[in-house]
Amino acid sequence: MLQPKSVKEVQEAVNTASTAILIRGGGTKTALSSSSGTETVIDLSNLSGIVEYRPEEFTFTALAGTPLVNIIEMLAENGQWMPFDPPMAKIGSTIGGTLATGLSGPGRYRFGGARDFILGIKWVSGNGEMLSGGARVVKNVAGFDFPKLMIGSLGRFGIISEITLKVFPKMNSFGTVEWDCGCIYDAVAFVKEMTRTPIDLFALDLEPAGIVRARLGGLSTTLNNRLARLSDYRDGASIILGDEELNLWEQLKEFLWLPHDCSLIKVPITPDLIPQLDTCLADSQLHRRYSVGGNIAWIGWSGTIEDIDTLLSELGLGGLLLIGESGTPWLGTSSVITGFADKVKKALDTEGRFLPL
Amino acid sequence: MLSTFVDELKGMFPGNQLLTSKAELIPYESDGLTAFKALPRAVVLPEHQSEVIDIVRLCHRYSVPFVPRGSGTSLSGGSLPNTDGIVIGLNRINRILELDAEQRIAVVESGVINKNVSDAAYPYGLYYAPDPSSQAVCTIGGNVAFNAGGAHCLKYGMTSNHVMGIKAVLPDGNVVELGGPSLENVGPDLVGLFVGSEGLFGIALEITLRLLPIPEAYRTVLAAYPSMELAGDAVAAIIASGLLPGAMEIMDNLTIQAVEESVNAGYPIDAGAVLIVELEGELSEVEEEFVNLQEIINKSGAYNVRSARNQLERDLIWKGRKGAFGALGKISPAYIVQDGVVPRNQLGAALAEIDSLSEKYGVRVANVFHAGDGNLHPNVLFDNREEGMLEKAEALAGEIVKMCVRRGGAITGEHGVGMEKRHFMTDMFSDQDINQMLKLTNELDPHGIANSGKMFPVDRMPGI
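Residue numbers (the working numbering), protein chains in the order written: chain H, 0 to 356; chain F, 60 to 523.
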């Protein structure tokens with residue numbers, strides 16, 4: 000395993016690699032960061048640190064291996080944050096790993112995901128060149144949007160070395176309203192109703208069988224009235240506040256609900272498809288959560304990867320294996336790569352130095 | 060070969076969908092950047108997606124360049140024709156295919172007008188957030204190609220942040236579907252890459268858009284300042300306070316005068332600058348934020364502050380801002396609008412530098428811009444009937460673009476590189492960066508036919 004300490008050392012590592020390159024950040028997403036033994040592993044945990052932070056600009060630039068917790072702490076000191084709620088921070092995820100896997104937490108609901116906050120990147124290409132895309136300002140459309148392309152690309156196009164993100168002022172208080180709708184069908188119907196409320200929800204999650212949680216963030220002076228208003232949407236509301244509330248969302252974001260012997264799979268979905276998927280999963284009594292207004296399913300899978308791959312394909316869904324055995328990370332329909340992605344791969348990694356799509 | 064190609068095109072479109080006479084082609088010789096003109100060989104106006112695909116395949120077969128065009132509002136010459144190619148006009152591909160209010164999604168064809176999406180979503184309490192000034196005429200396809208912005212990018216981002224899926228025909232005629240109806244995705248963000256590719260990756264046929272609930276309340280404030288500097292400082296103070304307004308816009312005196320003459324929006328005609336700030340969201344939050352905003356503005360040196368009391372007054376404030384570009388046409392026979400971005404703490408210094416450049420060249424510059432995100436819109440005003448003035452205006456505009464990059468910014472915030480800023484790409488990107496972009500273009504468009512000539516410096520484009 001190579002552990003470069005500088006971009007130059009990353010370039011050297013790429014130039015001297017004799018087998019396909021697997022990139023590792025904090026190693027928290029085991030299915031993506033574990034080697035099968037044949038790859039050249041480049042570990043970026045030593046490529047860490049803040050390059051630039053301008054609180055008045057609401058932007059920062061960090062090296063890819065910088066742990067999320069360091070960034071979260073630095074931003075909090077200035078009343079700022081990454082509202083897309085990057086997950087797995089407490090267990091050691093890095094900013095590079097988060098963006099390369101394209102992961103956002105429940106807060107993605109309000110202001111968008113990792114893709115919506117990235118401004119610029121530097122990366123090392125397959126032939127060892129240091130390239131850049133985007134800019135360090137909050138608005139820019141010059142050149143192709145390589146920063147967005149790298150979101151979710153799992154290091155197949157190059158090694159992200161440096162990232163510029165925009166950040167937002169942090170909301171200063173939070174509260175959650177919880178309802179038990181009884182069954183998945185009613186819960187999904189209620190989630191769809193809530194996505195159109197004029198109340199600015201920060202997060203909207205669903206936990207089978209029928210628990211719906213809507214989170215509010217904002218000014219402390221208006222929070223109680225807003226929570227009361229939100230509670231009126233349906234009978235049986237309970238309000239969660241304070242540490243209990245913070246811990247609730249923390250355990251969702253950190254996947255503390257995931258049993259140790261389960262794989263973790265992310266499945267992009269739409270609310271309409273949730274009942275069908277959930278019926279299949281409920282039969283096996285699997286742990287699962289639906290987040291971002293019913294746009295992501297997080298599945299704790301205890302069966303074989305082949306079985307979930309087949310199930311997702313049958314339902315017309317794609318998935319990404321995050322925690323579990325290394326192998327093919329893309330499952331279901333997302334394993335069918337379009338001609339477009341192939342061409343991008345050919346143009347960006349002509350010699351195939353990184354793992355195949 | 061071109062004549063065989065045109066014959067084949069005539070065979071496909073025997074009626075009035077194919078324009079070839081000079082009189083018919085002239086309306087297409089320019090887009091919003093009228094300083095650039097070129098007559099295409101033909102203009103074809105497909106009415107179905109399948110026709111677009113057939114045309115692209117024909118172009119690929121004959122290696123004939125094509126320029127996709129929506130309503131032709133590009134301010135960077137993004138839909139300027141190639142003299143040896145055709146224009147594919149997409150205005151007739153304009154159906155809203157699906158509006159799923161429950162899942163807050165609209166699937167539209169590329170020729171749908173931006174504002175029509177919000178109008179269609181309105182009965183469901185939803186809207187489409189990106190609002191370029193040209194939203195009453197510009198198309199979603201054009202918005203996608205150039206990653207269009209607007210006044211409300213500060214809080215909700217650009218077009219790219221609202222596009223979830225794209226069905227597109229690539230320059231080689233292959234049809235691909237990228238992304239989908241979910242807000243989330245796994246795998247590389249190919250939708251993100253496609254948006255803003257300026258037509259070089261082909262033509263978007265269908266686009267899946269994210270809709271948002273219409274904000275419950277707005278608070279729109281118009282503050283007049285004796286100087287641009289004070290208005291700029293007010294923006295910095297608002298941002299530093301932790302408020303996140305939907306929009307923050309500044310206009311200078313020259314623009315105010317033009318706007319007042321043109322649309323009579325009630326802006327103080329003697330102001331050195333006006334600042335528009337709009338808060339939006341849930342009623343109770345907006346009201347509380349409005350108190351904070353008033354405190355900041357009261358301390359910021361504004362000598363005249365007006366808050367819209369109803370939708371009519373809000374519309375009037377925005378009418379002035381959105382009509383600013385059109386109004387400048389009344390005080391100058393021609394103008395070039397620049398679109399550079401600077402870090403927000405550099406706004407004051409950048410404006411001062413634009414002032415001194417304007418003085419140095421003896422050319423007037425009117426400033427109207429998205430202050431909240433540092434996106435300048437200096438309008439270089441000139442008389443194109445006077446010899447040498449276009450060149451002079453271009454030279455001044457060029458210095459402004461370079462100044463933005465020097466200050467750590469970007470050459471374009473929302474108008475795109477197009478024809479107009481392609482020579483400045485090397486100011487922002489290294490040779491290797493540009494080579495990588497070209498390599499991708501070559502892979503997707505081996506014949507170099509899709510909106511070729513745009514984005515890259517001429518000397519870097521093979522075959523141009």
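Hints are computed from structural coordinates only; laboratory data are not their basis. Since we're looking at a predicted model, the values are computed, not measured. C-beta atoms are modelled at their ideal positions from N, C-alpha and C, and glycine is treated no differently. It cannot be assumed that every hint is accurate.
What the hints assert, rightly or not - Pairs of lysine to aspartate or glutamate, DMTMM-like flavour, derived with a Cα cap of 25 Å:
id : chain 1 : residue 1 : chain 2 : residue 2
1  : F       : Lys461    : F       : Glu502
2  : F       : Lys378    : F       : Asp486
3  : F       : Lys214    : H       : Glu350
4  : H       : Lys7      : F       : Glu445
5  : H       : Lys169    : F       : Glu275
6  : F       : Lys358    : H       : Glu350
7  : H       : Lys169    : H       : Glu51
8  : F       : Lys461    : H       : Glu51
9  : F       : Lys378    : H       : Glu76
10 : F       : Lys498    : H       : Glu350
11 : F       : Lys389    : F       : Glu354
12 : H       : Lys169    : F       : Glu347
As the list claims (entries may be wrong) - In silico negatives: residues of chain H with every beta carbon more than 12 Å from chain F:
id : residue
13 : Ile49
14 : Ile117
15 : Asp271
Hint by hint, here is what the structure shows:
1. Proximity of lysine 461(F) to glutamate 502(F) is assessed by CA-CA distance (about 30 Å); at most 25 Å being required, the pair is judged violated.
2. Simply put, lysine 378(F) and aspartate 486(F) have alpha-carbon atoms about 35 Å apart, too far for the 25 Å limit, and the pair is violated.
3. With a C-alpha separation of about 41 Å, the suggested pairing of lysine 214(F) with glutamate 350(H) is violated against the 25 Å cut-off.
4. A C-alpha spacing of about 54 Å is found between lysine 7(H) and glutamate 445(F), which places the hinted pair above 25 Å, so the restraint is violated.
5. With a C-alpha separation of about 22 Å, the suggested pair lysine 169(H) and glutamate 275(F) falls inside the 25 Å cut-off, and the hint holds.
6. A threshold of 25 Å between alpha carbons decides the hint, and for lysine 358(F) with glutamate 350(H) the separation of about 60 Å lies outside it, so the pair is violated.
7. With a C-alpha separation of about 19 Å, the suggested pair lysine 169(H) and glutamate 51(H) falls inside the 25 Å cut-off, and the hint holds.
8. For the given pair, lysine 461(F) sits about 22 Å from glutamate 51(H) by alpha-carbon distance, which is consistent with the 25 Å threshold.
9. Restraint check: the Cα-Cα separation between lysine 378(F) and glutamate 76(H) comes to about 40 Å, which exceeds 25 Å; the hinted pair is violated.
10. Among the hinted pairs, lysine 498(F) with glutamate 350(H) is consistent with the structure: their alpha-carbon atoms are about 13 Å apart, no more than 25 Å.
11. For the hint pairing lysine 389(F) with glutamate 354(F), the CA-to-CA distance comes to about 37 Å; that exceeds 25 Å, so the pair is violated.
12. About 16 Å separates the Cα atoms of lysine 169(H) and glutamate 347(F), which keeps this hinted pair within 25 Å; it holds.
13. The claim that isoleucine 49(H) is not at the interface with chain F holds, since no C-beta of that chain comes within 12 Å of its own (minimum 17 Å).
14. Chain F draws isoleucine 117(H) into its interface by the beta-carbon criterion, the shortest separation being 9 Å against a cut-off of 12 Å.
15. Listed as outside the interface, aspartate 271(H) is inconsistent with that label: its C-beta sits roughly 7 Å from the nearest C-beta of chain F, within the 12 Å cut-off.
Comparing the model with each numbered hint stated earlier shows that hints 1, 2, 3, 4, 6, 9, 11, 14 and 15 do not hold.
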